[in-house]
Structures are given as C-alpha cells and as structure tokens.
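We have chain A; now place chains B and C onto it with these hints.
These are the residues of each chain, in order.
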Amino acid sequence: MARSDSAAEDREVLDAEDVQRALTRIAHEVLERNKGAQSVVLLGIPTRGVPLAERLAERISEVEGSQVPFGSLDITMFRDDLRLRPARGLGRTELPAGGIDDAVVVLVDDVLFSGRSIRAALDALGELGRPRSVQLAVLVDRGHRQFPIRADYVGKNLPTSTRETVRVLVAEVDGQDAVLIGGSEPRSIETDGETSS
Amino acid sequence: MSASAPARRYLIKGASILGGESHDLLLADGLIAAIGSAAGDGADSGTETLDAFGLVALPGLVDLHTHLREPGREDAETVASGSAAAAVGGFTAVHAMANTDPVADTAGVVEQVWHLGRRAGLCDVYPVGAVTVGLGGSELAELGAMAESAARVRIFSDDGKCVSDAVLMRRALEYVKAFDGVVAQHAQEPRLTEGAQMNEGTVSGVLGLRGWPAVAEESIIARDVLLAGHVGSRLHVCHVSTAGSVEILRWAKGKGIDVTAEVTPHHLFLTDELVRSYDPRYKVNPPLRTQDDVDALRRGLADGTIDAVATDHAPHSLEDKDCEWAAAAMGMVGLETAVGVVASAMVETGLLDWAEVADRMSVRPAQIGRLKGQGRPIAAGEPANLVLIDSATRYTVDPTTMLSRSRNTPYAGAELAARPVATFLRGRLTAREGEVEA
Amino acid sequence: MTRHLLSAADLSFGDATLILDTADELARLSDRPVKKLPTLRGRTVVNLFFEDSTRTRISFEAAAKRLSADVINFSAKGSSVSKGESLKDTALTLEAMGADAVVIRHGASGAPHTLAHSGWIGGSIVNAGDGTHEHPTQALLDAFTMRKHLTTLEGRKVVVVGDVLHSRVARSNVLLLATLGADVTLVAPPTLLPVGIDSWPCAYSYDLDSSLAGADAVMMLRVQQERMNAAFFPSVREYSRRYGLDGDRMARLPDHSIVMHPGPMNRGLEITAEVADSERAVIVEQVTNGVSVRMAVLYLLLGGSDSALSGAE
Chain A
608 MARSDSAAED
618 REVLDAEDVQ
628 RALTRIAHEV
638 LERNKGAQSV
648 VLLGIPTRGV
658 PLAERLAERI
668 SEVEGSQVPF
678 GSLDITMFRD
688 DLRLRPARGL
698 GRTELPAGGI
708 DDAVVVLVDD
718 VLFSGRSIRA
728 ALDALGELGR
738 PRSVQLAVLV
748 DRGHRQFPIR
758 ADYVGKNLPT
768 STRETVRVLV
778 AEVDGQDAVL
788 IGGSEPRSIE
798 TDGETSS
Chain B
583 MSASAPARRY
593 LIKGASILGG
603 ESHDLLLADG
613 LIAAIGSAAG
623 DGADSGTETL
633 DAFGLVALPG
643 LVDLHTHLRE
653 PGREDAETVA
663 SGSAAAAVGG
673 FTAVHAMANT
683 DPVADTAGVV
693 EQVWHLGRRA
703 GLCDVYPVGA
713 VTVGLGGSEL
723 AELGAMAESA
733 ARVRIFSDDG
743 KCVSDAVLMR
753 RALEYVKAFD
763 GVVAQHAQEP
773 RLTEGAQMNE
783 GTVSGVLGLR
793 GWPAVAEESI
803 IARDVLLAGH
813 VGSRLHVCHV
823 STAGSVEILR
833 WAKGKGIDVT
843 AEVTPHHLFL
853 TDELVRSYDP
863 RYKVNPPLRT
873 QDDVDALRRG
883 LADGTIDAVA
893 TDHAPHSLED
903 KDCEWAAAAM
913 GMVGLETAVG
923 VVASAMVETG
933 LLDWAEVADR
943 MSVRPAQIGR
953 LKGQGRPIAA
963 GEPANLVLID
973 SATRYTVDPT
983 TMLSRSRNTP
993 YAGAELAARP
1003 VATFLRGRLT
1013 AREGEVEA
Chain C
77 MTRHLLSAAD
87 LSFGDATLIL
97 DTADELARLS
107 DRPVKKLPTL
117 RGRTVVNLFF
127 EDSTRTRISF
137 EAAAKRLSAD
147 VINFSAKGSS
157 VSKGESLKDT
167 ALTLEAMGAD
177 AVVIRHGASG
187 APHTLAHSGW
197 IGGSIVNAGD
207 GTHEHPTQAL
217 LDAFTMRKHL
227 TTLEGRKVVV
237 VGDVLHSRVA
247 RSNVLLLATL
257 GADVTLVAPP
267 TLLPVGIDSW
277 PCAYSYDLDS
287 SLAGADAVMM
297 LRVQQERMNA
307 AFFPSVREYS
317 RRYGLDGDRM
327 ARLPDHSIVM
337 HPGPMNRGLE
347 ITAEVADSER
357 AVIVEQVTNG
367 VSVRMAVLYL
377 LLGGSDSALS
387 GAE
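Protein chains in written order, with my numbering: chain A, 608 to 804; chain B, 583 to 1020; chain C, 77 to 389.
Only chain A is shown next, with the shape it has when bound in the complex:
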C-alpha cells in the first residue's frame, strides 16, 4: 500500500493557524457544553491525540483559571483489527491523579474516520473506571463511519473519498501543525494506520 510518494501531491486544508483556532474554539465549546470545567478530564489517544489533549487542557485552564486534568489512553490492546497484523507496540496510558470515576471524560483524537478506534477507546475506558459521561473531540471528521459513533466537538468537517488520505501533523510529533489531504490510491479504512479512527 504505497503512499503517493511526493508530499507535493498533498493539499493543505488546514494550516498551523487554522489548527490553533480550531483548538481554541473546541476548548470554548467544551466549557460551554459542560458549563465549566468541573469534573472534566481530557484523555488523548496516542499518538497525536495526546499533544492535542494537552493543548486543549492548557487553553481550558487559561480560560477557567484552574488546571484541567489530562492524560492519555492507549487503545492498542482493544482494537478489533489486532489479529490482522503482527502485534503492535503499545502507547502510553496515563490517567491523571484523580482517575476517571464520575468524571466527564473528553476523548481527544486527531481524525475521526470509521469510528473503530473510538469504540476501542470506550472499551479501554470501561476497564479503567466509570465516567459520568464520555464526549469526543476530534480535530478532523472525515466521514465514512462504520460504527454508530459521532464527535461532540469537531475542528473541521472534511468530506473525503475513501481513496484519499488525511494526514494530521502536530508540532510536538511532526515539527509543524497542519492537516493534509493526499493521494488517490485505493486504501481500505480497515487497515489504515493510526490516523484512522
């Protein structure tokens, strides 16, 4: 499954500033919806969901003046496609000190696609405690859901064909912020890498 080999083929649909604004907006939406940051816990899904969650937490804390707990939730062990390829290395799962019981957990991921990753995240969450409610924030929703999953907070809705690839770049991991659409080689969202959700 070769990627289109020149980044020049990738179109930038969100630049660094767009990403920043989207995150700021999501932060406000989270506060609005939950009437403040009381009981809110942000959990980023590795890899790129984690720095996004951290940035959201920062913004929320700036507005509210109090620290919002955040952490990471690795979903590798709960993926439904585990047995389709060799076992993968694990990402970090780190819950904030207060745990997630009775918390409003906001899952944070870069791209929402099939919805399978979020289903796995819900299973993973279930083993860690009992949140009061779970919400989902994504930077990009590219459609093509295979599961009844929807995001509560979306940075950008990006209708795509399944033959296109969506790449999110995050400064902490990739050196810059951007959202790129690339290539038109056939690509099964079943076996997408971690960029699919």
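Don't take every hint at face value.
Covered by chain A, according to a simulated footprint, are these stretches of chain C (three or more residues, beta-carbon under 8 Å) [stated by the list, open to error]:
# : stretch
1 : 88 to 102
2 : 109 to 119
Quick list of simulated restraints, FRET-style, between CB atoms [said to hold, decoys possible]:
# : chain 1 : residue 1 : chain 2 : residue 2 : range
3 : C       : Thr-228   : B       : Ala-884   : 50 to 58 Å
4 : B       : Arg-773   : C       : Pro-277   : 28 to 36 Å
5 : C       : Pro-109   : A       : Thr-631   : 32 to 40 Å
6 : B       : Ala-996   : C       : Pro-277   : 26 to 34 Å
7 : A       : Ala-704   : C       : Thr-227   : 19 to 27 Å
Keep in mind that the hints were calculated from the coordinates and are not lab data. These figures come from a predicted structure and were not determined experimentally. Ideal Cβ positions, reconstructed from N, Cα and C, are used throughout, including at glycine.
Coordinates of chains B and C only, in the frame set by chain A:
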C-alpha cells in the same frame, strides 16, 4: 539370461583396477580366474557380463567395527539386515562388536553370531569378543575359548565402554598374545566423561550440553600405547577422533610400538557445529569434534598413521533418536554411506587415491583382523572379493532406500562423491545398485 | 520474523527494546482496578513444565491470564530415565488441544529447540528454562529491572557471579546484555567457567573484589551444594568467602548499584541475609517484573496475526 540360477561366472569389462589401468576381470569358482585379455577367453554361455567402464574396482571392503545388534536389539538391526547393508556398501567382511544382549563374552554367543552371518551369506561376519565379562570392566572374559570357537575370534573389544582399569588392560594385552589376538580399545576415560553429551569446546559451552573433552580419549591412548610397548603386544585403537590422538599414535609408531588405529567416516567429515541444531542424528560416541580435529584425522589417514576406516555402524530405532538430545541414543549408521563419505572427504580432496583407499578400507583392516582371503591384491588366483565403485556420478543419500533396519544417518539429503554399484563375495554377486542379489 | 523465543540470542536490539517498552506499559496494569486486558482472549497458552518450578510457572500463568488467555498447566515430571516419548507424545497431545503457545521448562538443554523444529507443534514455543542452556525471559526481566533503576543499559557494568558453567540464567543474560550494549563481567572459580568462554561477548575474572569496582549491577547466581561433592569447589565456607556477596563487599559498591538474584537464594552461601534484605537488593521486584515481561512476550508473539519479533540479524 536365466532368472533363477545365479551365474557362476562373471566377466567384468573395463574396470579401473584400484583406480589405475582398466582391465577385464573373469570371476570363476570363487576366484579371480583371469585379468586382462585372457579374461574374455574364459567366458562361456553361463558367464554374465558386466559393463564396468568408468567404474573403480577395489578389493571387497573390510569393516573392523560394526554393530549388528543381534542378539538383543533386533528391532534396530539383525545380522541379516546388517549384512545386507554391508553388501550394498561394498563390504565383504565385517567385525560385529560384542555389546549385544547378551554380551558376546562367551564362545556360545560368538558362535551364534557367526552362524547367523553364514546363514545370511551376504558377507563374512567376524564376531568381536568382549574383553571383560558383561563389559563390566573388572573380570576378563574367556578370551581363549572365543578364539578357539568356530568364530575364531581374534579381535577383542569392550567397545561402547572403555577398559579403563590399567591392570586389566595390561592383562588383556598380554593374554591375547597366546593366539595372536588384539585388544581394540574404546578410549574414553569414564570419570572425565560422566554424563557427557557432545565434544567439550566452544559449542558445548554455548549450548549448555555437558562436554566430552579430547583429553579423555588421548590420555587412555597414551597409557595404552605405553602398556602395549611395555608388554610387547599388539594394540588397536577404535574410532580415533581427536588431533591429539593422532599425534600420540604418530609418536608411538615412531617408537616401534605395534599399534594400529581406525577412524570413522563421520569423523572425517562432520564437526560439532552441527550440534547447534540439537538434532540427535549428530549424537555419537566419540562425539563429533572441531574442524581442526577433522583436518588432523584426514592427514593422519592420508599418511598412514591411522591404518583403517571403520564405520562404527550403530543402528538405533526411531524412538531412540526422535526425542530431545539428552534422551537420544548415541550412534550413526554408516555401512551404506562409507564409500561415499570417504570419497568426498579423502579422494575428492586429493588426500588419498583409490589404491590407498583400498589399503585403508580392505588391506590393512584384513591384516589387523588376521583375515585370510580378504584384503587381497586384485590378481589372478586371488579370492574374488571385489567391489565396483562409481566415482563419476554424485548421488544424494536417501534414507528410505537403505537396507539397514534403522535410518539414523546424518547424511540424509547430502550429496556424496561415489557409491558402490556391485559387490562380489568369493565370486558371488551379493549386491547390485543398492539392492541385494537373491 | 521469529515465532519462538528459545534463546536470548534470538532477539535483535529492536526486539529486546520492544519487549522492555511493552513490559513497561503493561506493568502499569497492576495499578488499575481491572488488572486484565482482552488481547489474548481465545488463545490457549500451555505451561509444559517437566521440572518443578512453582515460581516461574505461576509467573507465566499470571501473565497469560492477565491477557485473558486460556491457560492449561501440564506438569510432566519425567524421571531422568524417561525417554523422549514423553516429550513427543505430550507435544502431539497439546497440538491436538490447540495450543497457540507452549511455555516449556525442561531438564534437557535443547528440548524447546527440538519442540520448535520437530513439526510436532504449530504454535509458538517459549523457553522457560532448558537444562543448563538458556532462560530468556529471566534475562528479559533482569534487563527490565536494571533498566528501571539505571535508566539505560548502554555502557553499564554488570557483574554476574556464581556457577556460570551450569547456569542458563548466566548464558541468557550474557547474550541479552551484550545485545543491549552493557559490559558484562562473569566471576567464578575456574572450575565453574565453561571451556570456550573466551569466545563469549563478555569479560571474566576469578576475583570478585576487583570485579565489583564500579559495578552498576551485581547479579548473584545460585550455587548448588551438590557441586561441592563433584569437586567444583572444596567447601561452602571457602566458596562464600571467595565468591559470596556479604555486607562488606556490598558497602564497597557505588551508591546507585543494585543487587539481583534470580532465586531461589541460598542465604549464607552466595548471598548473605544482610545483603538479600537490604535496600539495594531488588530481588522481590524482579519477581514482579517477571509477570509484566512475560505478558509482553506473550502479547508480542500471540497478540497479532504473526509474531512482532523480527529475530536476530
């Protein structure tokens, strides 16, 4: 040609005698009746002609060291099946080791084995008598009785075990002088090799298998050559496996000590690196050693320090090999592949020519065993004990076609440089193209 | 891609690091309310122990169960005279039961190798200790423990003391630590070092005191008293005096050094009670880490469609 009665006469055309000039051979009445142009003259309507162009003719091979397992382990081999394997391998005489069950330590058992050999009729079976009762290492067996029996035992060995008691070894060496016998020692100091699984060296250290150090063989050989020299006896050393042993033998012969020695085909060819697979096909006693040992053994055989190649044919049933290393029996079959391995290890490498192979695999072994009629020159009037060898075609070893009852060969799938294609025992064709003749 | 874990030499630097990193993540499981992951659900792991070892067997059992695998314990204590039928027929039975992995401990060096290459079993073979040959998961949990305390193994000085000749723990540790870039020194009386040790990727010494200087980790191996009867050393007293780790020797170690032991310990022979119970000794922690490391191994071998281990180059 009539399918029922075997031909009494054979005309072998164009065989390269001892790898040298090609001549015709006429075999009649158990003898080589004629060689050369005269051979064709003696052919009649009852003579079968064999086209031997491109084949090497050697005197029938004599094995000083074979395990035929009967009596006691007929599931692994019998005298009959072992004789068949020997015939196919080009042997006209084999010495059957005494570690049977019951042990061949009496005239009764050796005569039984001898009779079984005659009944099979495919090669001459010479039973080896045990040195000590039950191979126990403490009491001399009735060596004289065995020597005088119908089996006429001349070689005595506790092979499988070492005659480690120095006094007992001395007595045995002295005693056999009375009937021109020889003690064939399995050199393995028992305390240094308790529980040993493979050669002691770099590989054993890595594999976690208890080592069998070369010094356990060399120290016994050193002691025994000195004893033999002191009491004025012949000594024969079985399956020499280390470079150090070759040096000791060279020294001893240089001193005029009457010692002879044999080496197995596998010790000329395989090393302990193969044990890294933990495959019990490579488990043998004495164990496979290092490349340096292999090289020294080849040089020793080439220069005559080692007198003979002896197979140490050791059949084992499947259960005894199809298991983890520690539980596996030690030994490899070797009668059917001996010629091929020696060809690959010694002839192809230019260390021996075919005439010298004849010396190491027929002439000298026959002398050591005091066998009349074996290991004779290929000349008119000599007994027609012959093997024809195809040294031009490489062949791949297929254990499923072997005649031995056991299949524990390390050469399965290996390509060897030569194979015997016809064997004659006193003028009678015993084996042809890997099958025995009825 | 390697399906089996038979020897520490089977692991590349990448494999070893992947196992340790995965174990790191899995270790956090014990802090959670539900100490279980569904990953190996439906997989069957058989513990095939021909030698007594409650500690190791329980460790593997816990590891498999925490990953939701089905565990079958097969304790086949064969006598020393028992033939290979036990191994082959046992293996064929396990195959018929559908074992995805067989964790085997056996008294014969090479038995896991035989199992893996015989064609009797289709699943993954994990060596839990074979004779005096290897014990790869022990080396992995030792490396994991060292890495936790020393941050990295690269360039660290590790001293392993004891009956190296008969120790599968020593062999696996030397191989794995070399792969991970540590400097290993083996210390033992000459009788307990194998022939050919010059070719091993480590140094060796007959003197303990000089070898302890600058050591980041000291691993004491169990010495069996029966070795005394086979003249490997003259007496327990002389052995512990020359090669035992006592309080005085421990005091001369750098402050950050840790003391390890694969267990079970002979208190008073190779290690004194003072040392075993001191703060430097991470022996109990090794046992805890054993479960995480074994979980990592089982996950990486069985969790996906294929093994995630690439095997040594």
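Hint check results:
no. : hint                              : result
1   : 88 to 102                         : holds (count 5)
2   : 109 to 119                        : holds (count 6)
3   : Thr-228/C / Ala-884/B: 50 to 58 Å : holds (56 Å)
4   : Arg-773/B / Pro-277/C: 28 to 36 Å : holds (33 Å)
5   : Pro-109/C / Thr-631/A: 32 to 40 Å : holds (35 Å)
6   : Ala-996/B / Pro-277/C: 26 to 34 Å : holds (33 Å)
7   : Ala-704/A / Thr-227/C: 19 to 27 Å : holds (24 Å)
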